[in-house]
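Novice: Input sequences plus hints: build the corresponding full structure.
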Amino acid sequence: MNKLRVRQLWFAATLLLSLFLMLIPLPGPLTPFKPYWPALILLYWCLQSGDRVTLGLAFCLGVGADLFDGILLGEQALRLTAMVFIALRFRSRLRFFPMWQQSLAVLGLLLNDRVLLLLIRVFSGDPLPPPEYWISPLVGAVLWPFVFLILDDLRARLRIHDT
Amino acid sequence: MALNRDDQSPLFAPGVAGTLRLIVYLALACVLMVLDHRGGWLGNVRYGLSIVVEPIYRIAGLPSQGFQAATVAFADRQRLTEANQRLREDLLLANAKLNRMASVAEQNQRLKELLDTQHSLSLNVQLARLIGVDLGTFRHRIVLNVGARDKVQAGQVVIDARGVMGQVVEVMPTTSVAMLITDPNHAIPVTIERTGLRTIAYGSRAGDMLVLPNIPVSADVQSGDKLVTSGLGGRFPPGFPVGEIRDVAQTASGTFLSAQARPAADLDRSEDVLLLHDLAEQDGPPALAPNSGPPSSMAPDPNAPPPAPVAPTLPKVTSPTATPVPARAGSSTTPTGTTP
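Residue numbers (the working numbering), protein chains in the order written: chain S, 1 to 163; chain Y, 1001 to 1340.
Keep in mind that the hints were calculated from the coordinates and are not lab data.
Virtual Cβ for every residue (Gly too), placed ideally from N, Cα, C.
Careful, some of the hints might be misleading.
Quick partial rundown of chain S residues pointing at chain Y, CB under 7 Å, derived from the structure [said to hold, decoys possible]:
| id | residue |
| --- | --- |
| 1 | 24 |
| 2 | 37 |
| 3 | 55 |
| 4 | 67 |
| 5 | 70 |
| 6 | 77 |
| 7 | 78 |
| 8 | 81 |
| 9 | 96 |
| 10 | 105 |
| 11 | 107 |
| 12 | 124 |
| 13 | 127 |
Label pairs and their in silico Cβ distance ranges [claimed, not checked]:
| id | chain 1 | residue 1 | chain 2 | residue 2 | range |
| --- | --- | --- | --- | --- | --- |
| 14 | S | 119 | Y | 1268 | 41 to 49 Å |
| 15 | Y | 1076 | S | 93 | 52 to 60 Å |
| 16 | S | 124 | Y | 1049 | 18 to 26 Å |
| 17 | Y | 1234 | S | 104 | 37 to 45 Å |
| 18 | Y | 1035 | S | 138 | 55 to 63 Å |
| 19 | S | 26 | Y | 1081 | 26 to 34 Å |
| 20 | S | 108 | Y | 1234 | 18 to 26 Å |
| 21 | S | 3 | Y | 1077 | 24 to 32 Å |
| 22 | Y | 1219 | S | 104 | 35 to 43 Å |
| 23 | Y | 1234 | S | 4 | 58 to 66 Å |
| 24 | S | 152 | Y | 1252 | 16 to 24 Å |
| 25 | S | 126 | Y | 1217 | 27 to 35 Å |
| 26 | S | 33 | Y | 1081 | 28 to 36 Å |
| 27 | S | 124 | Y | 1056 | 19 to 27 Å |
Specialist: Given below as C-alpha cells:
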C-alpha cells in the first residue's frame, strides 16, 4: 500500500520535473539543442509501465505544458497524445529492442512530433522555422539511452519496481 | 523487467478502442486549438490559473539567476574592475549628454506649449526584470516580473538602454509576457533616420534579425542606416531606436527592396528593462483644441473637456525598489526634430 503510493509519487514527480526542464532556458547558443523533455520522460514511462500511461494522461500533461508555455492551448496535448498512441501501439516490440534500435525509434517518434508541430504552426499562420528546428530530435535520441538508464537505475534504487 | 502482457498491450493485433480514443483526444485538442486561436481565451484561463503558473515561473527562473550569480561570483577581479570602469565612463558620458539635453528639453517644452501640442520629451517608465524562462522553441517571448498588480497592461512597450525590445502581450497578476520585435509575428512601424522613409520592420524567421521586405526600389537605403520608431499605428511612441540596416537586396520579384536590420536592443542579454506607460498618440483624429471658437459660456452645449495635461518634464520611474533613474528617449533626433 505504502509502496504503491511511493511509486505514484515518483511517477508524478518525474512528469513534473519534465515540465520544469522544459521551462528552464539553456544559455543562448545552445537553445536549439534543447530536447523535448516531456516527450522523453513520457516515452520512458510508456515503455516501462504501459498500463499507467494512457492517452488521457498524455493529453492532460500536454494541456499542462501548454498552460505553462502559453502559446496555443492544445498544441502539445495533440503532439503528446499522438506520440503516446504510437509508442503504446508498438510498446511490446520497442521494449525488447537493443538500446541503439530504441534510440532510433525514439528519433523517429520525435521527428514525427516535430512534423506535427510544424503542421500546427503553419496552419496557424507562422512562417517556416529555420533549419536548427530539426536539431532537437537528434539531441533527444542521443540522450535517450542516458535518460532511460538513469531513470531505470533510480527506480531500482528506490525499490519501486512494479510487482 | 517483468513481462506483464495482458489484453491492454497485444503484441501485434491493433485495438479498435484505442484508435477511437485517439481520435477523440485529437479532435478535442484540435477544438481547443481552434477556439484558442480564434477567441484567444487562453489568456483568461492562464490568468485564472496564475496561482499555479507564476510560482513555477519563479522557480524555473532560479537556475538562470543562479548561473548569473555564479558568473559574478567567479569572475576575476580584473574583469569586474574593467566592467566597473566602463560603466562609470558610460554614466559620465550619459550624464553630460543629459545635462546638455535638459536645457534643450526645457526650451522645447516652452516652445511646444506655445504651439499647444501634446508631445512631450518626458518618459513615464517602470523598471522590470526578466525571469529566465524558456517559452518554447523559436518563440521570441520573454517573461517579466511585473504584472497586473503593478498596473501593467497589454500593449505596453518594452525598451532597454539601447532601443525597443518588444511589447507586452499577456498580463498575469504578478508576471507578464512580452513579444520581442524579432518574433516572426511581430511588426513595428519604423522610419529610416537618415532619409525619413517610413516602412515596417518585421521579425525574421531565423529570429535574431529584422526584415524590411517592402522598401520601394527607388528609395535611398544603405547598410548602416539607423531605424527609429515612426509612431504611426499608435502603439510605439516615435523616436526610439529600433535597429541598424545591415544589407539591402532586391526581392525575388524585383518590385521591392528588402533589407535586413540588426536590432538595437540587447535582446538576449538585457536583464533589466523599462516598460513605457502609454505615450503614443491615440488612433483617430486628434483631440479637440481646448480654446478654439467662442467661449464656452456662449455655447449651448460645451465641448468635451480638453485631454488631461501631459506629465511634467522630468522623467518619473515608478518602481518599488529602484531609486529614480533619469531616462529619456534614447534617440537624439526624433522625426519631429526636437533635439540637437
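Novice: Run every hint past the structure and note whether it holds.
Specialist: Evaluation of the provided hints:
Proximity of residue 24 of chain S to chain Y holds as hinted, the smallest CB-CB distance being about 5 Å (cut-off 7 Å). Evaluation of the residue 37 of chain S hint against chain Y yields a violated restraint, the C-beta minimum of about 11 Å exceeding 7 Å. For residue 55 of chain S, the shortest C-beta to C-beta distance to chain Y is roughly 5 Å, which falls under 7 Å, so the interface hint holds. Hint on residue 67 of chain S holds. Least Cβ distance to chain Y is approximately 6 Å, under the 7 Å limit.
About 6 Å separates the beta-carbon of residue 70 of chain S from the nearest beta-carbon of chain Y, less than 7 Å, and the hint is met. Nearest Cβ of chain Y to the Cβ of residue 77 of chain S: about 4 Å, under the 7 Å cut. The hint holds. For residue 78 of chain S, the shortest C-beta to C-beta distance to chain Y is roughly 4 Å, which falls under 7 Å, so the interface hint holds. Checking residue 81 of chain S against chain Y: minimum C-beta separation of about 5 Å stays under 7 Å; hint holds.
A distance limit of 7 Å between C-beta atoms decides the matter here; for residue 96 of chain S the minimum to chain Y is near 9 Å, and the interface restraint is violated. A cut of 7 Å between beta carbons decides the hint on residue 105 of chain S: the least distance to chain Y is about 16 Å, and the hint is violated. A distance limit of 7 Å between C-beta atoms decides the matter here; for residue 107 of chain S the minimum to chain Y is near 17 Å, and the interface restraint is violated. Taking 7 Å as the C-beta contact cut-off toward chain Y, the hint placing residue 124 of chain S at the interface holds, the least distance being around 6 Å.
A distance limit of 7 Å between C-beta atoms decides the matter here; for residue 127 of chain S the minimum to chain Y is near 5 Å, and the interface restraint holds. At about 28 Å, the CB distance of residue 119 of chain S to residue 1268 of chain Y disagrees with the hint of 41 to 49 Å. Taking 52 to 60 Å as the suggested C-beta distance range, the pair residue 1076 of chain Y and residue 93 of chain S conforms, at roughly 55 Å. Range check, residue 124 of chain S to residue 1049 of chain Y: Cβ separation about 22 Å, and the 18 to 26 Å hint holds.
For the pair residue 1234 of chain Y and residue 104 of chain S, the supplied restraint of 37 to 45 Å is violated, since their beta-carbon distance comes to about 54 Å. The supplied range of 55 to 63 Å is broken by residue 1035 of chain Y and residue 138 of chain S, whose beta-carbon atoms lie about 34 Å from each other. Taking 26 to 34 Å as the suggested C-beta distance range, the pair residue 26 of chain S and residue 1081 of chain Y conforms, at roughly 30 Å. At about 49 Å, the beta-carbon gap between residue 108 of chain S and residue 1234 of chain Y misses the expected band of 18 to 26 Å.
Range check, residue 3 of chain S to residue 1077 of chain Y: about 54 Å between beta-carbon atoms, so the 24 to 32 Å window is missed. A hinted range of 35 to 43 Å is violated for the C-beta pair residue 1219 of chain Y and residue 104 of chain S, which are about 53 Å apart. Distance hint check: the CB atoms of residue 1234 of chain Y and residue 4 of chain S are about 60 Å apart, consistent with the given range 58 to 66 Å. Separated by about 53 Å at the C-beta atoms, residue 152 of chain S and residue 1252 of chain Y break the suggested range of 16 to 24 Å.
Checked against the hint of 27 to 35 Å, the pair residue 126 of chain S and residue 1217 of chain Y passes, with Cβ atoms roughly 29 Å apart. Look at residue 33 of chain S against residue 1081 of chain Y: about 34 Å separates their beta carbons, and that is inside 28 to 36 Å. Take residue 124 of chain S and residue 1056 of chain Y: their Cβ atoms lie about 25 Å apart, and the range 19 to 27 Å holds.
This entry does not satisfy hints 2, 9, 10, 11, 14, 17, 18, 20, 21, 22 and 24, going by the numbered hints stated previously.
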